[in-house]
Every structure is written in C-alpha cells, then in structure tokens.
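On the provided structure of chain V, position chain U as indicated by the hints.
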Amino acid sequence: MGSAFLFGIDLVKIAEIQGWVLRERAGGNHPYILEMPGKWCVPVRYKLKSRFEVIGILKQLGIPRTDWPSEVR
Amino acid sequence: MKAIYIPYSAEIDPETRFQVLSAMDRHGNVLAVVSEASLESAEKELIELLLHLLGAEASKGHDRFGELFDSPLDGPCVTLSPTQVIPIRLKLARAHANLRQADMASLLGITQQTYAKMERPGSNPTLQTLAQVERALGRDLLCWV
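Top line first, the protein sequences correspond to chains V and U. Here the first sequence is numbered in the numbering used here, starting from 666 and rising by one per residue. Here the second sequence is numbered in the numbering used here, starting from 32 and rising by one per residue.
Extracted from the complex, chain V is given alone in its bound form:
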C-alpha cells in the first residue's frame, strides 16, 4: 500500500466542519465517501499519497485555503 502523505480521515474531519457528511467509512479497499445535499459524493482514500492528491481533493470539496491542513498550505 505504501506510506501516506496524509491519512484520509484527516481530510474527512476538515470536510465535516465544512458540512460534508461521512456516508461510508474506509475499510479494506473501500474509500471514505463524503456527501453533501445538492453535491455529488466525493471519495477519499484511506491513505493519500502526495501533496497534489490532497490539494486536488480539497479543491473538489470546496474547502477554503485558510482551512487546508498545514501539510499543504
């Protein structure tokens, strides 16, 4: 599986503050699935393997840059 740049659950916590709801928990190969009314679901892997991957998902979630984790700011 390789090492993680950031764990998916750390992004999930940030997303939940912004109103996203965790629909499915990660397990095995399953990703976290985040949902918000009026928006499409966003899948987040258990392990995020690069800075660019984290930034891509943060943008997909519409998280303001001020709320991004320190690892990618």
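These aren't lab readings, by the way, just hints derived from the structure by calculation. Heads up, a few of these hints could be off.
Pairs of lysine-lysine, DSS-like flavour, derived with a Cα cap of 27 Å [said to hold, decoys possible]:
(1) U/K148 to U/K75
(2) V/K704 to U/K75
(3) U/K75 to V/K724
(4) V/K704 to U/K91
(5) V/K704 to V/K678
(6) V/K724 to V/K678
(7) V/K724 to V/K712
(8) U/K91 to U/K33
(9) V/K678 to U/K91
(10) U/K91 to V/K724
(11) U/K75 to U/K91
(12) U/K91 to V/K712
(13) U/K33 to U/K148
(14) U/K91 to U/K148
(15) U/K33 to U/K75
(16) V/K712 to U/K75
(17) V/K712 to V/K678
(18) V/K724 to V/K704
Just some of the chain V residues that point at chain U, by a computed CB distance under 7 Å [said to hold, decoys possible]:
(19) I698
(20) P708
(21) R716
(22) F717
(23) I722
Short derived list, chain V residues pointing at chain U, Cβ under 8 Å [to be verified]:
(24) E689
(25) C706
(26) K714
(27) S715
(28) Q725
Backbone N, C-alpha and C fix where the C-beta goes; we use that ideal spot for every residue, glycine too.
Using the frame of chain V, we list chain U on its own:
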C-alpha cells in the same frame, strides 16, 4: 458490450514524483483524485475509487452514467468494463424501483445473500439472471450489456 470511459488529467507531484490523476465527467467536474508511484497503479486505484463512487451514488438512486462517456476517447482515460459496471446498474435499478435487496431477492426467488452478491463489485451475473431482473423490475436492463 458497453464500457464506460472516464477521462483524466495527469500531473506529477514534484516532491514525490508520483503520478496524480484527476478523473472528470463530461462537464469537466472532478470525480476523484488519486496519486501513485506509477501511471499503471494510479489508473488501477482510480478505477477502484470510481467504482466505489458510482456505487455510493447508485445506492442513493443517483444515476451519474449520463455524465460519463460510453464511447472511446482520444485523450487519456480509464475504462470501466461492462462486468464492473453491471453491479452498479443493478443497484441503481433497484433504488429507482424503491426496493430493498430482500424485496428483489423475493421477486427473483433467491435468498437476500445471493442477490446481495450480484450487487457487489466483481459479480458476473449471467444473461439469464439479468433477464430475470429485467422482468422483475419491468425495466430494460440488457441494453447496458
């Protein structure tokens, strides 16, 4: 057989040299993002992530297939095979019919566990089974195959 084609943009993370793939729908909306050491493993992970995403949407009755491509593309893309897509189509058809897995199993004369397996990724129901589901739901399902 009908496959689904999902385009992606690729870039390389300068720190890790990992391939970062962002899959998009036909409107350019990002569906999923992954990064892996090689393009091959990133594509494999992207397919897994997309199947989970489409499955999650299907269980809510949301059909995203209309926003994806069903013919080959010129640029880089991942392909979801009919075998990979059918379990999601089944889940979607059941959600649209507002039926639980147990209801579907009852209509088909099988156990709920057997029906549940048909909706799992990697299941490969026979044409005969799909035709039975089609009759049970009164919907055209074999057009996907």
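Results for each hint:
With a C-alpha separation of about 22 Å, the suggested pairing of U/K148 with U/K75 holds against the 27 Å cut-off. At roughly 25 Å between alpha-carbon atoms, V/K704 and U/K75 fall within 27 Å of each other, so this suggested pair holds. The hinted pair formed by U/K75 and V/K724 meets the criterion: a straight-line CA distance of about 22 Å does not exceed 27 Å. A hinted pair counts as satisfied when its Cα atoms are at most 27 Å apart, and V/K704 with U/K91 qualifies at roughly 13 Å.
A C-alpha spacing of about 18 Å is found between V/K704 and V/K678, which places the hinted pair at or below 27 Å, so the restraint holds. Of the pairs offered as hints, the one joining V/K724 and V/K678 holds, with about 15 Å between alpha carbons and a cut-off of 27 Å not exceeded. With a C-alpha separation of about 18 Å, the suggested pairing of V/K724 with V/K712 holds against the 27 Å cut-off. Between the alpha carbons of U/K91 and U/K33 the distance comes to roughly 23 Å, so the proposed pair stays at or under 27 Å and holds.
Of the supplied pair hints, the one linking V/K678 and U/K91 holds, its CA atoms being roughly 23 Å apart against a limit of 27 Å. A distance of roughly 24 Å separates the Cα atoms of U/K91 and V/K724; the hinted pair therefore holds under the 27 Å criterion. A distance of roughly 25 Å separates the Cα atoms of U/K75 and U/K91; the hinted pair therefore holds under the 27 Å criterion. As the CA atoms of U/K91 and V/K712 are separated by approximately 26 Å, the hinted pair is consistent with the 27 Å bound.
Between U/K33 and U/K148, the direct Cα distance comes to roughly 22 Å. Compliance with the 27 Å bound is thereby established for this hinted pair. With a CA separation close to 18 Å, the supplied pair U/K91 and U/K148 stays within the 27 Å bound. For a cut-off of 27 Å, the pair hint linking U/K33 to U/K75 stands: about 19 Å separates their Cα positions. Using a Cα cut-off of 27 Å, the hinted pair V/K712 and U/K75 holds, with the two alpha carbons roughly 15 Å apart.
Between the alpha carbons of V/K712 and V/K678 the distance comes to roughly 14 Å, so the proposed pair stays at or under 27 Å and holds. Using a Cα cut-off of 27 Å, the hinted pair V/K724 and V/K704 holds, with the two alpha carbons roughly 14 Å apart. Satisfaction of the interface hint for V/I698 is found here, the shortest Cβ-Cβ separation to chain U being roughly 4 Å, below the 7 Å cut-off. A hinted interface residue such as V/P708 counts as satisfied when its beta carbon comes closer than 7 Å to some beta carbon of chain U; here the least separation is about 5 Å, so the hint holds.
The beta carbon of V/R716 is positioned within 7 Å of a beta carbon in chain U (closest approach about 6 Å), and the interface hint is therefore held. Hint status for V/F717 relative to chain U: holds, with the closest Cβ pair at about 4 Å, below 7 Å. Because the beta carbon of V/I722 sits about 5 Å from the nearest beta carbon in chain U, less than 7 Å, this interface hint is met. Proximity of V/E689 to chain U holds as hinted, the smallest CB-CB distance being about 6 Å (cut-off 8 Å).
Because the closest C-beta pair between V/C706 and chain U is about 5 Å apart, less than 8 Å, the hint holds. Against a cut-off of 8 Å between C-beta atoms, the interface hint on V/K714 holds, since the closest Cβ of chain U lies about 5 Å away. The interface hint given for V/S715 holds, since its Cβ lies 4 Å from the closest Cβ of chain U, which is under the 8 Å cut-off. Using the Cβ-Cβ criterion of 8 Å, the hint placing V/Q725 at the interface with chain U is satisfied: the shortest such distance is roughly 5 Å.
Violated hints: none; the structure is consistent with every hint.
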